[in-house]
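Protein chains: 6
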Amino acid sequence: MRKRIVTLGEVMMRFSTPGHERFIQARNYDAEFGGSEANVGVSLAYWHQDVSLISALPANDMGRAALRFLKTAGIDTSYIDTQEGRMGLYFLENGAMQRSSKIIYDRFDSVFSHHDGQNMDWDQVFKGVDWFHWSGITPAVSAKAASLCLKVLQAAKRNGVMVSGDINYRRNLWRYGKSPLDIMPELIAHSQVIIAGLTDLANCMDIHESDFAYACEKAKALCPSIQLVATTERDSLSASHNKLKGTLWTEERLIQSKTYDMPNIVDRIGGGDAFMAGLIYGLMHRNKEQALEFAVAASVLKHSVPGDANFVSVEEVDQLVKGENVGRLLR
Amino acid sequence: MRKRIVTLGEVMMRFSTPGHERFIQARNYDAEFGGSEANVGVSLAYWHQDVSLISALPANDMGRAALRFLKTAGIDTSYIDTQEGRMGLYFLENGAMQRSSKIIYDRFDSVFSHHDGQNMDWDQVFKGVDWFHWSGITPAVSAKAASLCLKVLQAAKRNGVMVSGDINYRRNLWRYGKSPLDIMPELIAHSQVIIAGLTDLANCMDIHESDFAYACEKAKALCPSIQLVATTERDSLSASHNKLKGTLWTEERLIQSKTYDMPNIVDRIGGGDAFMAGLIYGLMHRNKEQALEFAVAASVLKHSVPGDANFVSVEEVDQLVKGENVGRLLR
Amino acid sequence: MRKRIVTLGEVMMRFSTPGHERFIQARNYDAEFGGSEANVGVSLAYWHQDVSLISALPANDMGRAALRFLKTAGIDTSYIDTQEGRMGLYFLENGAMQRSSKIIYDRFDSVFSHHDGQNMDWDQVFKGVDWFHWSGITPAVSAKAASLCLKVLQAAKRNGVMVSGDINYRRNLWRYGKSPLDIMPELIAHSQVIIAGLTDLANCMDIHESDFAYACEKAKALCPSIQLVATTERDSLSASHNKLKGTLWTEERLIQSKTYDMPNIVDRIGGGDAFMAGLIYGLMHRNKEQALEFAVAASVLKHSVPGDANFVSVEEVDQLVKGENVGRLLR
Amino acid sequence: MRKRIVTLGEVMMRFSTPGHERFIQARNYDAEFGGSEANVGVSLAYWHQDVSLISALPANDMGRAALRFLKTAGIDTSYIDTQEGRMGLYFLENGAMQRSSKIIYDRFDSVFSHHDGQNMDWDQVFKGVDWFHWSGITPAVSAKAASLCLKVLQAAKRNGVMVSGDINYRRNLWRYGKSPLDIMPELIAHSQVIIAGLTDLANCMDIHESDFAYACEKAKALCPSIQLVATTERDSLSASHNKLKGTLWTEERLIQSKTYDMPNIVDRIGGGDAFMAGLIYGLMHRNKEQALEFAVAASVLKHSVPGDANFVSVEEVDQLVKGENVGRLLR
Amino acid sequence: MRKRIVTLGEVMMRFSTPGHERFIQARNYDAEFGGSEANVGVSLAYWHQDVSLISALPANDMGRAALRFLKTAGIDTSYIDTQEGRMGLYFLENGAMQRSSKIIYDRFDSVFSHHDGQNMDWDQVFKGVDWFHWSGITPAVSAKAASLCLKVLQAAKRNGVMVSGDINYRRNLWRYGKSPLDIMPELIAHSQVIIAGLTDLANCMDIHESDFAYACEKAKALCPSIQLVATTERDSLSASHNKLKGTLWTEERLIQSKTYDMPNIVDRIGGGDAFMAGLIYGLMHRNKEQALEFAVAASVLKHSVPGDANFVSVEEVDQLVKGENVGRLLR
Amino acid sequence: MRKRIVTLGEVMMRFSTPGHERFIQARNYDAEFGGSEANVGVSLAYWHQDVSLISALPANDMGRAALRFLKTAGIDTSYIDTQEGRMGLYFLENGAMQRSSKIIYDRFDSVFSHHDGQNMDWDQVFKGVDWFHWSGITPAVSAKAASLCLKVLQAAKRNGVMVSGDINYRRNLWRYGKSPLDIMPELIAHSQVIIAGLTDLANCMDIHESDFAYACEKAKALCPSIQLVATTERDSLSASHNKLKGTLWTEERLIQSKTYDMPNIVDRIGGGDAFMAGLIYGLMHRNKEQALEFAVAASVLKHSVPGDANFVSVEEVDQLVKGENVGRLLR
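Chains as they are written, first to last, in full-length UniProt numbering: chain A, 1 to 331; chain B, 1 to 331; chain C, 1 to 331; chain D, 1 to 331; chain E, 1 to 331; chain F, 1 to 331.
Hints are computed from structural coordinates only; laboratory data are not their basis.
Hints may contain errors.
As the list claims (entries may be wrong) - With a straight-line Cα cutoff of 35 Å, these simulated DSBU-like cross-link-like pairs (lysine-lysine) come out:
#, chain 1, residue 1, chain 2, residue 2
1, E, Lys-71, C, Lys-71
2, A, Lys-243, C, Lys-258
3, E, Lys-243, D, Lys-322
4, D, Lys-243, F, Lys-322
5, B, Lys-144, D, Lys-178
6, F, Lys-288, D, Lys-102
7, C, Lys-258, A, Lys-258
8, D, Lys-243, D, Lys-258
9, E, Lys-71, E, Lys-144
10, E, Lys-144, A, Lys-144
11, E, Lys-71, C, Lys-288
12, A, Lys-71, D, Lys-288
13, F, Lys-245, F, Lys-178
14, C, Lys-157, E, Lys-71
15, E, Lys-102, A, Lys-144
16, F, Lys-178, C, Lys-144
17, C, Lys-102, B, Lys-322
18, A, Lys-243, B, Lys-243
19, F, Lys-71, D, Lys-102
20, A, Lys-151, D, Lys-71
21, B, Lys-157, F, Lys-71
22, B, Lys-151, B, Lys-288
23, F, Lys-157, F, Lys-127
24, A, Lys-127, D, Lys-127
25, B, Lys-102, A, Lys-243
26, B, Lys-245, B, Lys-288
27, E, Lys-127, C, Lys-71
28, F, Lys-178, F, Lys-220
29, D, Lys-243, F, Lys-102
As the list claims (entries may be wrong) - Just a few of them, taken from the derived set where beta-carbon distance is under 10 Å, the chain C residues facing chain E:
#, residue
30, Arg-68
31, Phe-69
32, Lys-71
33, Thr-72
34, Ala-73
This structure is a prediction, so every number in the text was calculated from the model and none was measured.
Even for Gly, the Cβ is constructed at its ideal location relative to N, Cα and C.
Turn these sequences into a full structure, and let the hints steer you where they fit.
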């Protein structure tokens, strides 16, 4: 049963050092494409949902390669603008053991940051759409991107589309003169489902609480549109070994997922996006408890797949939830 | 002290995705050669035994490369027929963490499946041979292969050769109209040593028991030639972390090996064949308890070596059994 | 605050098999440069200290590549002689799980082993130098190297330079007719700080004790110059999983570091040199307790970096000591 | 100006040895996807035409990867059936200098060879389509494929679609009991444009002439639907150095293209398909002379691109035709 | 005989696709560092000259890696500023045959473009310096870079340093509101040696002549400081096959070098910088005729070395000039 | 028709830089095994002859890997001694264009150089053998190797075996106090077929002639055993482009082969050994004219195969001699 999902966000080229080499050692880089919202879209498309991405890419071979990546993933690219300019990039050094992973962003002045989405008929875009997903990275990039985000959210609301937002506060963005508190509350007020931890709520909604459920209630009080707040708790024993569980706040109760042990991590980038995608999929096709378990299991499996994208099937996620075939040799 | 061992089985080309890439991501594949019985032979040859393989390979460069691989391993290839036709293949996706490993077989219609071993003087083949090893994969491949397996087993028996059979039930084979129960009991009845777990005994000998010792006694009752039944118990905590122990049933008693913890698995393919080879080696050169410990330790070390073949020496296996030099830096 | 450090030792070319391949499987090798004392120097230079290496390299492209490697690391190479002859080599097979790592040395007859340091004005070399570091590998290589080591130590002493020696007893060296007991005591007697475990003290100082503190007291009695004796205790659960702690003997007390758990080891070669470098750095810039913790944490982080050299910053080591940011994703 | 093109053919997985390694040496293989008609489709889609492929792929990860490859290329895959079975494969050894390139096919018994296209509404498929392309490989694969090809050709004709056929006689196919002369003339009789050299015409139409123009006239006499016959003349000085020119027969005259010198060939596989795609593109958008020059230049550029597919733009082909920017550094 | 050379310019990170892959195909990139003036410096340092680079790099791991690259090359980095900001990048697709090579620059807004060289004592920098080299790329990057270039040139002149400038007109730069004609004549007027072709002279000095000698005379008339004008003539038969010769205009005569045939080009990037370095080296250590031949031969050899840098020795260049050992196997 | 061939020589490990990287750039090396006489043996074994190698290898994993390489090639290794000691090595930098290839040998003090072949029953070795091949490299390595070579030659002669010697004068060997003129004439006097150019004859037989036929006559006069003298003439236009022809002197006449043009060379190492192997094969199975053409064509094809060994079949060589299928795509 296919649903129609639209998301908005920047696609970046990711350069990662091979194996566990440090930046200082690398003489070649693995190249692929990623970005928080695109990662969510790639998961949902892999799970046979209809996904469209609103974005902007440079009118050069880098942009064309990014478009091909999205097409490969089965994402509709007709709302992606191509313009003169540069591609957002990020560089990843994979940690190991006690040594942290490092990301260097090089995304300022990208075509996405200059994209204003003029000439788009947003009501047309949202006709027949079931879900819209955005993240707090977009309004953090530039004033234009923040205003585009608001415009798109308004159109989604007008058309009665369900909206999820991954608050995803990033300290090293927000460099264009506005603070998250200037911008985020209005955006969040257009959303029914948000992903936010305590830090996100503090920075983006000025809610300073140490209890998650109580913080969620305050968020609801500020933005009554909010129906669900989800978060993951990651215990980083080392770069190679984490534990993960998820929590979903509803007005009625707080739902907790199983906790997964994750030694031997292959690639943790995109783990949060896999959770987000799993939650959206689960909320569209399952009940809330199942949605949360699906989201956490999807995120766990992401850690075993190299790259930003989570190439695991619904069946594989379901089996992990049920504890079937875990780590077996399938032939 | 060299022993002469003959084995029968198909050699396939193995294509595996690099690192932990999924099939969907791979743009190149590592290529090597493997097959259950050949893997057993490679181990025994590496341990300075004289090993001959009965098989068939295509008369093309793939077949020639397979022959070279076997020669490298020191295996006598004079009983390998080369014929027009295709090579059996298999594709391997290495799992990690909670994500399972996957194998896609592409072995139907291979030259081995059409091989009838005509024109071979089987009594000549077994002159002076100490041990013959077969597995339940061969009779599962095709009617011709099943009938070849029987013919060869009869010759081995006629010549007083010790026989081991790895029952190795594979659900996705047995597609030529016969069930394992039609074929396997007669083959097993030619063997003194078998490797079989409860599932194998259920599917191939119609023995449905939950107690291993009791099931072995029933097997013995059905096939009185059986002297020893071995099995391994693998606890798959994840694709990256297993535990392993072995059990050897004799008429007198049930022998249990140490249990090994195996986090950080490099390549588990061939782990069972390494156990089989270790058991044969142990039973030829040691007592039963030592044979079982040797077999399990050999299997454990296999998990640290990439590829199907187990390139570890007798000394290295012995050291692991004794707990010496484990994981040290030797210089 | 930069200190000036001089060290003496051979730089070898290291060829290591890729991933976890065994020597028997490898068809290409990763190539870099290393050597116990050079590794110490690379760490100290990475931590913004001024480091000079006394050594000899062949006058060919291998030697030139080694020189470039040292320059990259910021090491002053003006005391490195280039001569006709061969480069010392070593081959590394990375172990995994219960399978040990193996090193094959091919360093006999290298230009370093023939180097006598004639025509050097050693007093000039040590003018303004704060620290000299040597290891027991150099006197183990050849009679010439042993005599060069003594000559350099005497000059360091004459110039009031602090001296550390990593005893580092290697059974497979010492092939030129002398035993460590003939040579090492005199060299150790020029040193204030030594790294030595019980085996080192037994083989190089004829001290046969099972208690470390008591053995250190005996060493002090034999060589009154000794002020500090450090050692690491490594618990090799497997090639992929070690535990590590450090101990520092002073005349007043025995200092113990935290114990670190190290599953998922990337490359343990150079772990001891990273400890040595950390200790020197710590003793130059911190107090003794801090120096020991810095040394152990530096060594732990080394295990996450491929290659001989320890490319981790002072900040990263300090954070591990404090338990901050361990294994996180830094962006 | 987009045209709608449909093509029919098998997509195979291609495994090629890296660099210039021989099969006997290779330990890993580059993997991608190709097939004569798919290659034509990939070119046309790269040139912004709407392309659909009629085909069948296995319902496993290999088939899914092939589908992703086609989507990446922008090809509509809605007429591709997925079924249980195996993927057609081919193995490529890249020649060099005087040493020939070699291909080993392993495509028998593939799902495509069993595909009968039942349940497809072919008239629906061809509604609004401008061009249909087939090749002589499809009817050579199996009786089912030959009958599917005829069925599709009849539908194309019924719907007034322009048809091109690449005769592409392959000696090593045609193993199902029919000769090309039994099958091909009827198929050719549904086509307006064919690619055929003298050998093709001899084997598939029983026309034995040494003069191309005269042979084409005979072909026209046999199959009056034929309007154009194209062919390329390749002078193989070595595997690394060819010369190429094209010829286009029309009823009025014989058109010859420029001859291109091609030393330093990177990958010649797909060179013929690039010509075919260029010819279709040219005949749809240019005049006949321009179409031929476009086709030959597209084929020349293909030789510089690794893989089956011809990733060169219309602009790049046009510039080569005009002799602009050839081999320059563009920045 | 060592000379002291200073140069000024941006060091960029270069990402190139492996082999002959197109951007659209690449999934990993070779990474190294380059930049016109740095390339000149690397050559001169490789030839045992003392070279300092004036530049700016980001204060992150990319910048640190670039610094290490320069140190490896033996370049003095004490005049390189590190600042917050981004690294200039460029992406290279290696052409082959008739297919051109492509470069995509991503260098706007780099720390170098914002570098104003404040707080530097330029007179101090040029004390004892023999030669200063700049190129027309620096003033094309930004107004700040242009003004820095002028400031540095004035200091060089004040200190009586010989100056060379590689005019190197780049159409796709000069985006900050000034035209080359506004800026370049004043800079050129500080130089004694320039590299310029007819296009450079047209765009940067408004000299529109078709005869090189006559154009040079006009340049001299405009900028009387000019003593020598050099240029190379490259005949691009294809991306894999060029011919190269050099011309040196002096007030007395026009010197022509030998013409070299260059089939089988490995990497042409940096070929012009190798010529420039060769010319500087030659003019410092040889006569003018020899300097030109040295420069062209150095450039030819560069085409055989992967990367921006020209790792060939003075002896190798001299041997090519003399036609000795060309293409032999040296052992 | 199989012949039995014995050869004597050192097997070295070859480390070559990838692609066209210089030693100074390489961070990994391709590793394989080679050596002049072993290369000859590998060719002959590939052509289905029975080949045994007399040699010595170290008793470590390097030696074991070399043994496996020889077994893979089908060479009988029962006359190879394994001893404590080091493996001979060589490092190869592949040239390109005008840049020469470079080899750095690191073979002194290898186990082969210390091998005296004691305890071998040489008459037993040569029973039933058709041909013995040696080269001038062995006596150049050490006094022991020279004396072993003589001992083996005497046994070959005693047993009526045909003998070929590749004079192969290497200036950088012969370091043990003897000159070639002291040693080589006696060895040559045991041979019927020699490969020698004018330089070889000058250095090893003191024949200083500029005419090859006349020099051969003088050689015959000095060593009347000589029946045939062969040589190749290589015209090195560049490292990437050579021309090659062969000459065979017989007492009756001088035979000249075709000249082959060889642009786009992949790997020229082993080209001379391929010629030698071709000549031996040809002289055993064809007439003299055919033998020479076979030898030259085998050598030409070697240049297209990476590595020391010439993996081309008799059929491929024959086709090149006939000019069939040259550079075609075979499918």
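Structure-based check of each hint:
Taking the CA atoms of Lys-71 (chain E) and Lys-71 (chain C), the gap is near 6 Å; set against the 35 Å cutoff, the hint holds. A threshold of 35 Å between alpha carbons decides the hint, and for Lys-243 (chain A) with Lys-258 (chain C) the separation of about 23 Å falls inside it, so the pair holds. For the given pair, Lys-243 (chain E) sits about 21 Å from Lys-322 (chain D) by alpha-carbon distance, which is consistent with the 35 Å threshold. In summary, the hint linking Lys-243 (chain D) to Lys-322 (chain F) is supported, as the alpha carbons are separated by about 21 Å, within the 35 Å threshold.
Note on Lys-144 (chain B) and Lys-178 (chain D): the hinted pairing holds, with a Cα-Cα distance of about 28 Å set against a maximum of 35 Å. A distance of roughly 31 Å separates the Cα atoms of Lys-288 (chain F) and Lys-102 (chain D); the hinted pair therefore holds under the 35 Å criterion. Between the alpha carbons of Lys-258 (chain C) and Lys-258 (chain A) the distance comes to roughly 32 Å, so the proposed pair stays at or under 35 Å and holds. For the hint pairing Lys-243 (chain D) with Lys-258 (chain D), the CA-to-CA distance comes to about 10 Å; that is within 35 Å, so the pair holds.
Between Lys-71 (chain E) and Lys-144 (chain E) the CA atoms are separated by roughly 26 Å; this keeps the pair inside 35 Å, and the hint holds. Between the alpha carbons of Lys-144 (chain E) and Lys-144 (chain A) the distance comes to roughly 27 Å, so the proposed pair stays at or under 35 Å and holds. Between the alpha carbons of Lys-71 (chain E) and Lys-288 (chain C) the distance comes to roughly 34 Å, so the proposed pair stays at or under 35 Å and holds. Annotation: proposed proximity of Lys-71 (chain A) to Lys-288 (chain D) holds, straight-line Cα distance about 34 Å (limit 35 Å).
A threshold of 35 Å between alpha carbons decides the hint, and for Lys-245 (chain F) with Lys-178 (chain F) the separation of about 33 Å falls inside it, so the pair holds. With a C-alpha separation of about 32 Å, the suggested pair Lys-157 (chain C) and Lys-71 (chain E) falls inside the 35 Å cut-off, and the hint holds. A C-alpha spacing of about 32 Å is found between Lys-102 (chain E) and Lys-144 (chain A), which places the hinted pair at or below 35 Å, so the restraint holds. The straight-line distance between the Cα atoms of Lys-178 (chain F) and Lys-144 (chain C) is roughly 28 Å, inside the 35 Å bound, and the hint therefore holds.
About 19 Å separates the Cα atoms of Lys-102 (chain C) and Lys-322 (chain B), which keeps this hinted pair within 35 Å; it holds. The suggested pairing of Lys-243 (chain A) with Lys-243 (chain B) holds, with an alpha-carbon distance near 21 Å, which does not exceed 35 Å. Between Lys-71 (chain F) and Lys-102 (chain D), the direct Cα distance comes to roughly 26 Å. Compliance with the 35 Å bound is thereby established for this hinted pair. With a C-alpha separation of about 31 Å, the suggested pair Lys-151 (chain A) and Lys-71 (chain D) falls inside the 35 Å cut-off, and the hint holds.
Under the criterion of a C-alpha separation no larger than 35 Å, the hint pairing Lys-157 (chain B) with Lys-71 (chain F) is consistent with the structure, at around 32 Å. For the suggested pair Lys-151 (chain B) and Lys-288 (chain B), the alpha carbons sit about 29 Å apart, so the restraint of at most 35 Å is met. Taking the CA atoms of Lys-157 (chain F) and Lys-127 (chain F), the gap is about 11 Å. The hint holds against a cut of 35 Å. Among the hinted pairs, Lys-127 (chain A) with Lys-127 (chain D) is consistent with the structure: their alpha-carbon atoms are about 28 Å apart, no more than 35 Å.
With a C-alpha separation of about 25 Å, the suggested pair Lys-102 (chain B) and Lys-243 (chain A) falls inside the 35 Å cut-off, and the hint holds. For the hint pairing Lys-245 (chain B) with Lys-288 (chain B), the CA-to-CA distance comes to about 15 Å; that is within 35 Å, so the pair holds. Simply put, Lys-127 (chain E) and Lys-71 (chain C) have alpha-carbon atoms about 25 Å apart, close enough for the 35 Å limit, and the pair holds. The suggested pairing of Lys-178 (chain F) with Lys-220 (chain F) holds, with an alpha-carbon distance near 24 Å, which does not exceed 35 Å.
Of the supplied pair hints, the one linking Lys-243 (chain D) and Lys-102 (chain F) holds, its CA atoms being roughly 34 Å apart against a limit of 35 Å. The closest approach between the C-beta of Arg-68 (chain C) and any C-beta of chain E is roughly 5 Å, which is under the 10 Å cut-off, so the hint is satisfied. Because the smallest distance between the Cβ of Phe-69 (chain C) and any Cβ of chain E comes to about 8 Å, under 10 Å, the interface hint for this residue holds. Interface hint at Lys-71 (chain C): satisfied, since its Cβ lies 6 Å from the closest Cβ of chain E, which is below the 10 Å cut-off.
Using the Cβ-Cβ criterion of 10 Å, the hint placing Thr-72 (chain C) at the interface with chain E is satisfied: the shortest such distance is roughly 4 Å. This hint holds: Ala-73 (chain C) has a C-beta 8 Å from the nearest C-beta of chain E, less than the 10 Å allowed.
Of the numbered hints stated above, none is contradicted by the structure.
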